[in-house]
Amino acid sequence: MNTLIAIIGLGVLCLLFEIFNLRKAIVPITIIGLLGVLGLTISEFNSTESYYNNMIVVSKFSSTFSSLFIVLTIFLVALGHNFYENHQSKISDYIAIKIFLLAGAVAMVSFGNLAMFFLGIEVLSISLYILAASDRMNLKSNEAGMKYFLMGSFASGIILFGICLIYGAMGSFDVTEISELSQSAELPIWFPIGIVLVTIGMLFKIAAVPFHFWAPDVYEGSPALTTALMSTLAKVVAMATLYKLLSVMNADISESFKIIVVVISMASMTVGNIMALRQTNVKRMLAFSGVSHAGFMLMTLLSLSTSAGSLLYYASAYSLSGIAAFSVILYVCKNRDNEDIVNFHGLGKTNPLLAAILTAALLSMAGIPIFAGFFAKLVLFNQTILAGYLALVIVAVVNSIISVGYYFKLILAMYTKEPNEERKGTPVIIYAVAVIAIVLNIVLGLFPSFVLDLLA
Amino acid sequence: MNVSLILIILLVGAFATYLAGDKLASKVALFFGLASLGSSIVLLNHYNLGENISFISQWITQPNISFALKADGLSMAMLLLTTALTPIIIFSSFGNQYKNSKSFYALILFMSFAMAGTFLASDGLLYYIFWELSLIPIYFIALIWGNGDAEDRKKAVVKFFIYTLAGSLFMLVAFVYMYQQAGSLLLEDLYKLNLSATEQLWIFLAFFLAYAIKIPLIPFHTWQANVYQKAPTVGTMLLSGIMLKMGLYSVIRWQLPLAPLAAKEYMYIFIGLGIAGVIYGSIVALRQKDLKKLLAYSSLAHVGLIAAGTYTLTLDGLRGAVLQMIAHGFVVVGLFYVAEIIFRRYETRAIAEMGGIRTQSPKFTSMFLILVLASVALPTTFNFIGEFTVLYSLSQINIWFAILGGTTIILGAYYMLKMFQHVMLGETNSKVFADVTVNEGITLVLIIGVLFFFGMYPKPITDLITPSLEEILTQINRIN
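Protein sequences appear in the order of chains A and B. So the first sequence is residues 1 to 456, counted in our numbering. So the second sequence is residues 457 to 936, counted in our numbering.
The set of hints was computed from the structure by calculation and includes no laboratory data. One thing to keep in mind: the hints can contain errors.
[Unchecked claim] Straight-line Cα separation of at most 25 Å, DMTMM-like style, residue types lysine to aspartate or glutamate; simulated pairs: (1) Lys558/B - Glu18/A; (2) Lys417/A - Asp645/B; (3) Lys417/A - Glu607/B; (4) Lys720/B - Glu927/B; (5) Lys349/A - Glu607/B; (6) Lys90/A - Glu18/A; (7) Lys349/A - Asp608/B; (8) Lys611/B - Glu418/A; (9) Lys417/A - Asp605/B; (10) Lys409/A - Glu927/B; (11) Lys409/A - Asp478/B; (12) Lys349/A - Asp605/B; (13) Lys60/A - Glu180/A; (14) Lys409/A - Glu803/B; (15) Lys349/A - Asp478/B; (16) Lys615/B - Asp340/A; (17) Lys749/B - Glu803/B; (18) Lys555/B - Glu418/A; (19) Lys555/B - Glu255/A; (20) Lys417/A - Glu803/B; (21) Lys417/A - Asp478/B; (22) Lys611/B - Asp340/A; (23) Lys615/B - Glu418/A.
Chain A on its own, in the form it takes in the complex (with noise of 0.2 Å):
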C-alpha cells in the first residue's frame, strides 16, 4: 500500500517539476524516487496485510513483482534522458505518465477486488496509449496509438463484461469471497464465463494468439523506448496480473479451461516464432519474440499453485534481456526514421561492447544456457512436464529452436556485414543502462535460487 501511495506521489512531483523549471533535474530525481520506493517495497516483503476492506492485499506475491515492475522502470525512465532530448519540454509529461503507468502495474498485482483490478488496468492501459501516440507530429505513432486504442477499449469492455458476470454469479468483487462461493457445488454457468472473457481481455494485453494481431503495428509505430515499455514492463504486468486473477480465483481450474491454455500457449509460441523469421524490421521482430514468449509464460497457468516462483523467474529473465536489447535498439536507431536489421550492420565492429550486450540478451532469449533465459525455461519446462503436458514441453523445445533462427539473424548482421556508417558519442546512460540490465541477467543466471526461492 505504502508502495501505491509513494509510486503516485512521486508522479505527482513530477508534474510539479515542470511547474518549477527543474526539467534537468527530473530523470536522476524521479530514479532516487524509485529506488527509494523499491527499497520501501523490499521493506514490506513479509507482512500479508490488506487494507480499505480488502481493496488492496499486499502479499509476497505482490511485493516481489512490484519490486520487479519498480526496478524495469527505473531502467526506462533512465533511458527516457537520452531519448527524450529533442523533447526537453514535455520531459516531465513523458516521465509522470510512467510513473503513473507504475502505479496502475502495482494496482494490477495487489488487487483484492475485482474494481481494483480495474482500475490498474486503465491507469495502465490509458497511460500506454498516450504513449504510443506521444511522437504526435509521426504519422506512424499516431497510428499506433489510435489502433492500440480501439483495439485495447475492447479489451477492455470485455473485461468489464466478464467482471460483470462474475459479479451477477457470486454478488461480489471480492476476490476471497468469489473464491470460497467459487467452491460450492452449483455455480451459475456466467461465472466460468465470465472468467474466460476477463482471460481473453488479459490474453489480448499479453498479446497471445490469436489476440496478437495488434502488437507488430503497434510495437512498429510507438516510438522505441514506449516499444521497449510495452514489450518488458506491460506484458509481465499483465501476465502477473492474469496469474494472480486465475490463482486467487479458483485455485483449481477445470480440465478443460487447461486444455484452452494449452492450445494457445502452443499457437502463441509457433506463430509468433515463425512470424518472426520472416521480419526484417527489429522491433516487429522483438513483437512476434514477445508474442511467443507470451506463449512460454502461459505453461505456468497449468499448475497455478506452485508457479508463481516460475514466473516471476521467466518475467524477470525476460525482461531483464528485453531492457538490454532494446537500450542498444535505442542506440543504433537514433535519429533513424526505421529499425530495420540494416541499421544493424557491422555493430560487432563500430560498438563491440554494445554487440556484445545485444548478443547476450539474444542468447538469453534464446535460452542458451548461463543466462537467466535459460534457467527460465528450464524451471518451466520441468514444472510443466511435471504437470502432466509432456507434449507441450516437446512444443516448445522445438520453438525454442526455431526462436535461434531469428535471434541470429541479428547477431550474424552485427558481426558480419560492413557497418554502413559511423554512430558518434557514446550515450553513457544507455550504456549503463544495458550493462547493468545484462549482469542483473547474468547474475540471475549463476544464481536463480535467488528468485526462485522467493515465492516458493
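Once you have looked at the hints, place chain B on chain A.
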C-alpha cells in the same frame, strides 16, 4: 586442491587475455594454457596418489542442482587431452595475424574452459550447461575469423549451431524427465534410477540425437565438412581435436550407463551406424579436392569407428575407443596444422595446386609423412593401439563388423597416401616453399612425440582409464 582449479585458471585466463590487449593476447593465452596443463598434471599426481580431487557444492536449491565436478580416470584423461591440446593449438596460431586477437584468444580459452567443464561435470544440468556453453565461442570463432565467402560461411556456421542446439535440447528434456524420477541430477543418483525399457529407449534416443550430431555420426554429419573447411584452422582443431570427443565421452559417461537396456537391445544398429560412417567417410574422402575437407571426412571415418567401439559395450571396445579418442585428437590437430602450414605459403587449400614440396622442404615432408602414417594407424603409433583394440572388440561381437571396420585402415591408407602424393611429391613446385619455422617445427615435433611415446608405451593411459571404465561397465551390466 581439486579440479575446479583448472576451470578457474581457464576462465580467469580468458578474461586476462581479453584485458591484455591485442599485442599480448596470444602470449597471455599461451601462459594460461600452459598453467592449466601444469596444474592438471599436478592434479593427476594427486589423483594417482589416491587423493580425492572431486568438488561438489549445492548450487540451486529448487530445483536441486549441484555444482559437482567429479574426476575419475576417464575424466582425467579427457581433461589432460583438453589442457594438452589447448596450448598446442594456441601456439600453432602464432604464425598468423588475427584481427582483434584479444577476443580471439579469449574465446579459445573460454572454449577450453567449457570443454574441460563438460568432461568433469557429474551433475546433469551442470554438464548440459558446459556442453552448450562450448558452442558459443566456436560459433563466433568460425563466424568472425573463418575463411571463404562470408555468406557461405554464415550458412555453414548457423546450420552447425542450430543442428547442435536442436540435438542438445532434446537431451535437456531427457534430463528434466529423469530429474522428476530421481529428484536430483547427480550422476550417482541417476545411476540408481530404475527406468523401464521404454523409458530407457526414449532417453537413449534423446541423448543419441545430441551426441550423433556432435560426434558426428551418419546421417547427422552434414554440418561437419563445411564448418571444418570454413572455420579458421584453430577453430577446426578445437572442433575436431577436442569438441567431437565431448560427444564420444558423453556416450560412455552418460548415455550407456543411464540407458543400458536400450543400448544392449539396439547395439547392432548403432555399431552399424558407426561402421557406415567409416565406409562413407572414407569413400567421400577419396574424392575431395580440398585438403581441409578431405581431413574432415577422414575424421568422420575415424570417429565412426570410435563410436562403433563404444557401442560394443565391452571393456576392450570402451578402452580402445578412449585411447583412439586421445590419439585421434593429437593426430587430427597435427594434420590440420600441416594444412595450415601449407596454406601460409601457398594460400590455397586445393590439393591440385600443391605438389612438389618434398624437394624444397625435406624436414616438413618427413614430419607430414609421420602424421599421415599415424593417422592410418601404423604400428608403433598411438593410433594403432586405439584402432586395433577397437577392431578387436568389434570382432568379438561379430567378425563382419571388424572386417568392415577394418576398411578404415585400407581405405584410409589409400586416400591419405594419395593425398600425400599429390600434395608433397612430384616435380618441384614453381612456387617457393619456405622451410618450416622454429615454432611450426616445435609444434609438429611435440605432437609426433606424444604419438610415438604412447604408441610404444600406452600403459600410463590404460592404467588411468581402465578402473573407471570397469566401473561404468558394471553400471551398464547391472540387472534391473
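Starting from the hint list further up, note which numbers the structure goes against and sort them upward. Result: hints 1, 2, 10, 11, 14, 19 break, sorted rising.
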